[in-house]
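S.K.: Generate coordinates for the entire structure from the input sequences, incorporating the hints supplied.
So the protein lines, in turn, are chains A and B.
Read in order, the letters of the first sequence correspond to residues 544 to 947 in this note's numbering.
Read in order, the letters of the second sequence correspond to residues 544 to 947 in this note's numbering.
No lab work stands behind these hints: they were computed from the structure.
Where hints are given, some of them may not hold.
Which copy is meant is left open, because identical chains are indistinguishable; a pair holds if it fits in one copy or across any two.
[As the list claims (entries may be wrong)] Restricting the straight-line Cα-Cα distance to at most 30 Å, the calculated cross-link-like pairs of lysine-lysine (DSS-like) are:
(1) 809 <-> 690
(2) 938 <-> 566
(3) 934 <-> 739
(4) 719 <-> 739
(5) 739 <-> 565
(6) 938 <-> 739
(7) 565 <-> 809
(8) 565 <-> 938
(9) 690 <-> 813
(10) 946 <-> 809
(11) 813 <-> 934
(12) 850 <-> 597
(13) 719 <-> 813
(14) 751 <-> 890
(15) 690 <-> 571
(16) 946 <-> 565
(17) 850 <-> 566
(18) 719 <-> 934
There are 2 protein chains.
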Amino acid sequence: MYTVNANYQELQGSYLFSTIAKKVAAYKEAHPGCSIISLGIGDVTQPLPDAVIKALHSAVDEMADVSTFRGYAPDLGYSFLREAIAENDYRARGCEIGADEIFVSDGAKSDSANIQELFGAEDIIAVCDPVYPVYLDSNVMAGRAGKYDPAAGRYTRVVYMPCTKENGFIATPPEKAPDIIYLCFPNNPTGAAADKERLQEWVDYAVKNGCVIIYDAAYEAYISEENVPHSIYECDGARQCAIELRSFSKNAGFTGLRLAFTVVPKDLVKDGVSLHGMWARRHGTKYNGAPYIVQRAGEACYTPEGKAQIRDLIGFYMENARIIREGVVSLGYEAFGGVNSPYVWLKTPEGVSSWDFFDSLLDRCNIVGTPGCGFGPSGEGYFRLTAFGDKDATKEAVMRITKI
Amino acid sequence: MYTVNANYQELQGSYLFSTIAKKVAAYKEAHPGCSIISLGIGDVTQPLPDAVIKALHSAVDEMADVSTFRGYAPDLGYSFLREAIAENDYRARGCEIGADEIFVSDGAKSDSANIQELFGAEDIIAVCDPVYPVYLDSNVMAGRAGKYDPAAGRYTRVVYMPCTKENGFIATPPEKAPDIIYLCFPNNPTGAAADKERLQEWVDYAVKNGCVIIYDAAYEAYISEENVPHSIYECDGARQCAIELRSFSKNAGFTGLRLAFTVVPKDLVKDGVSLHGMWARRHGTKYNGAPYIVQRAGEACYTPEGKAQIRDLIGFYMENARIIREGVVSLGYEAFGGVNSPYVWLKTPEGVSSWDFFDSLLDRCNIVGTPGCGFGPSGEGYFRLTAFGDKDATKEAVMRITKI
Chain A
544 MYTVNANYQE
554 LQGSYLFSTI
564 AKKVAAYKEA
574 HPGCSIISLG
584 IGDVTQPLPD
594 AVIKALHSAV
604 DEMADVSTFR
614 GYAPDLGYSF
624 LREAIAENDY
634 RARGCEIGAD
644 EIFVSDGAKS
654 DSANIQELFG
664 AEDIIAVCDP
674 VYPVYLDSNV
684 MAGRAGKYDP
694 AAGRYTRVVY
704 MPCTKENGFI
714 ATPPEKAPDI
724 IYLCFPNNPT
734 GAAADKERLQ
744 EWVDYAVKNG
754 CVIIYDAAYE
764 AYISEENVPH
774 SIYECDGARQ
784 CAIELRSFSK
794 NAGFTGLRLA
804 FTVVPKDLVK
814 DGVSLHGMWA
824 RRHGTKYNGA
834 PYIVQRAGEA
844 CYTPEGKAQI
854 RDLIGFYMEN
864 ARIIREGVVS
874 LGYEAFGGVN
884 SPYVWLKTPE
894 GVSSWDFFDS
904 LLDRCNIVGT
914 PGCGFGPSGE
924 GYFRLTAFGD
934 KDATKEAVMR
944 ITKI
Chain B
544 MYTVNANYQE
554 LQGSYLFSTI
564 AKKVAAYKEA
574 HPGCSIISLG
584 IGDVTQPLPD
594 AVIKALHSAV
604 DEMADVSTFR
614 GYAPDLGYSF
624 LREAIAENDY
634 RARGCEIGAD
644 EIFVSDGAKS
654 DSANIQELFG
664 AEDIIAVCDP
674 VYPVYLDSNV
684 MAGRAGKYDP
694 AAGRYTRVVY
704 MPCTKENGFI
714 ATPPEKAPDI
724 IYLCFPNNPT
734 GAAADKERLQ
744 EWVDYAVKNG
754 CVIIYDAAYE
764 AYISEENVPH
774 SIYECDGARQ
784 CAIELRSFSK
794 NAGFTGLRLA
804 FTVVPKDLVK
814 DGVSLHGMWA
824 RRHGTKYNGA
834 PYIVQRAGEA
844 CYTPEGKAQI
854 RDLIGFYMEN
864 ARIIREGVVS
874 LGYEAFGGVN
884 SPYVWLKTPE
894 GVSSWDFFDS
904 LLDRCNIVGT
914 PGCGFGPSGE
924 GYFRLTAFGD
934 KDATKEAVMR
944 ITKI
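M.R.: Below, the structure is given as structure tokens:
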């Protein structure tokens, strides 16, 4: 008689986006003909860069000919892509990361969910609060989070690191060291980015306490400030303590194409066991490589044309972010992010909850955003606006807010 | 201080293909200019069908235009593909499987490795011997297999079901029922396929004993005999006990394109917990959907042109299988498979081990195959030949064997 994995029963339903959808639907029904603009979109909206489209067509043609057809890809990724990544994302920034330390995959979501498999079942994880929910949920599924305490809104075995206005939305290292630390900079949802000094503090802390850092840098392409590291390997000692997750989703718009990579340095060795070797074994056993045509598309992102086109894409979204941020600040709101990330994180007025603010924005301006409390208890009193929309709609949205 | 997942240390190295590569390299060095033919290839070699190529180009063009661009796919797959699968692979065969019971993924390897996550950590698994190694290895990583016993060549908590000439390579249900049963028909490596009666026995056994069957039907397109089911859902009661894994790799040649699906029927409920709901939650948390362009390629496989082109592809490989099988049988070897699968499973002569046969085939005919013992202890004394090669090379290979 088989049994089911009881840890899944500890997962909490994610009602955030379904609640939003229901509220919007109800509003539309009560107000036929209203024109609602969404600043809640977490997905890119602009087409793939031309260099990527050309690479895809060319690779598809290769698959049509017996002499150039490609079957199974190498488990860890084609070397043409791993070399391009190592050269452009690491060596060019002075980081010592070899092509053979890069593992190509189908998405940073998969990698950020799967990476916990490498660690002991009893290890204690620490997550930022608020944060992208996958880090926590994947650990709940593995039984590492303990029980859910509804009164506290938290799991009993998880260390929550509040990220608020007071600490500049950069978590402070806990007094008692956890085992596995998830960090995401630039951050979703707060838009905060750790500067070199703050990140180096984290690396020093991890090395000193024997922690591993899972560093999610999916939004690194949005960094505009000089002193913000694009990779954790810009910090001394990171090769001994950190795994880095990267993605082609938010820079080149691959959310529907699926391509990402994870860096596991060979220096990451615990009691004689190489995490690089373990991750390679996991890839070999549970994964069969990203599609050849998509890996060629990824390679095209590193050509001069690809780089220029990606800069334009990022510029497009960041101009939206600027419009949103300046618009809400000019109205007297406190707003954060939007400088090194496509997310603007707005403090709701004193005494107004995240959901109250959602309701009033919908009702008075016909604008949809995302209540901060949906990303964790410390997100209460905040609200996320995203820059992935159409430019005219973004301008119109800000105009509506300023007209209240 | 983090720890590592100690279960990974129980994994046994897979030396099969690296040992083969070393032996071949050594032979080539000793015999410069020799022309070696491989009948060991487990990957397709023919280009993608024209209908698939057209669908890919068309979908790539959609990604280049803001009005048709697609971002994140639905976690469980686009409905255009799920509907096509439900209609063609199930309803057309009289199986009651709904589109919402189909989960699109990037590969049957991923699915067959990940599916064990749904079950209790103490559940006992049963695997065929010999068999595709992923079922076992993914359970070793999860700690479900127990310790490896080098003397027996087996894990202590795993039920091995020998598949030999004596039982027609169809495993017999164990006396003491395990919890999770992995079956693969048509089988890799033996090429055996269970007929309707034998498969119905398995379903009845699973229902009676409260087991779940993980049914890998990745090779169903190669079935040529009438009484061999293409899906386990052709059997009564399978909706209550079976999960089915399918793939586009070996029918349409998607090994380098990555597309597969898993069926989890809504009737699969354990103590009030729906496995369908659990798998949906896993997809939603740990996966972000297969690429849009690849899902359009999958859809093209179900068009009249796509179906005809896939029939031709399968026909091409099965003609190779026939040539191999008839060739070795005419020489007096006992050979199995090659009728409902692209694999021919040859019995080595009395007293000749799998590796001895490998050496002699390489030395006397310059042909490379795969020793059966590499797929499990009961594969000793057998040898796998595959039909995925070039036709002329396959003919030449058989000619060489017959000339000994």
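S.K.: Find the hints from earlier in the document that the structure breaks and name them by number, from lowest to highest.
M.R.: Per hint list: 3, 5, 6, 10, 11, 14, 15, 17, 18 violated.
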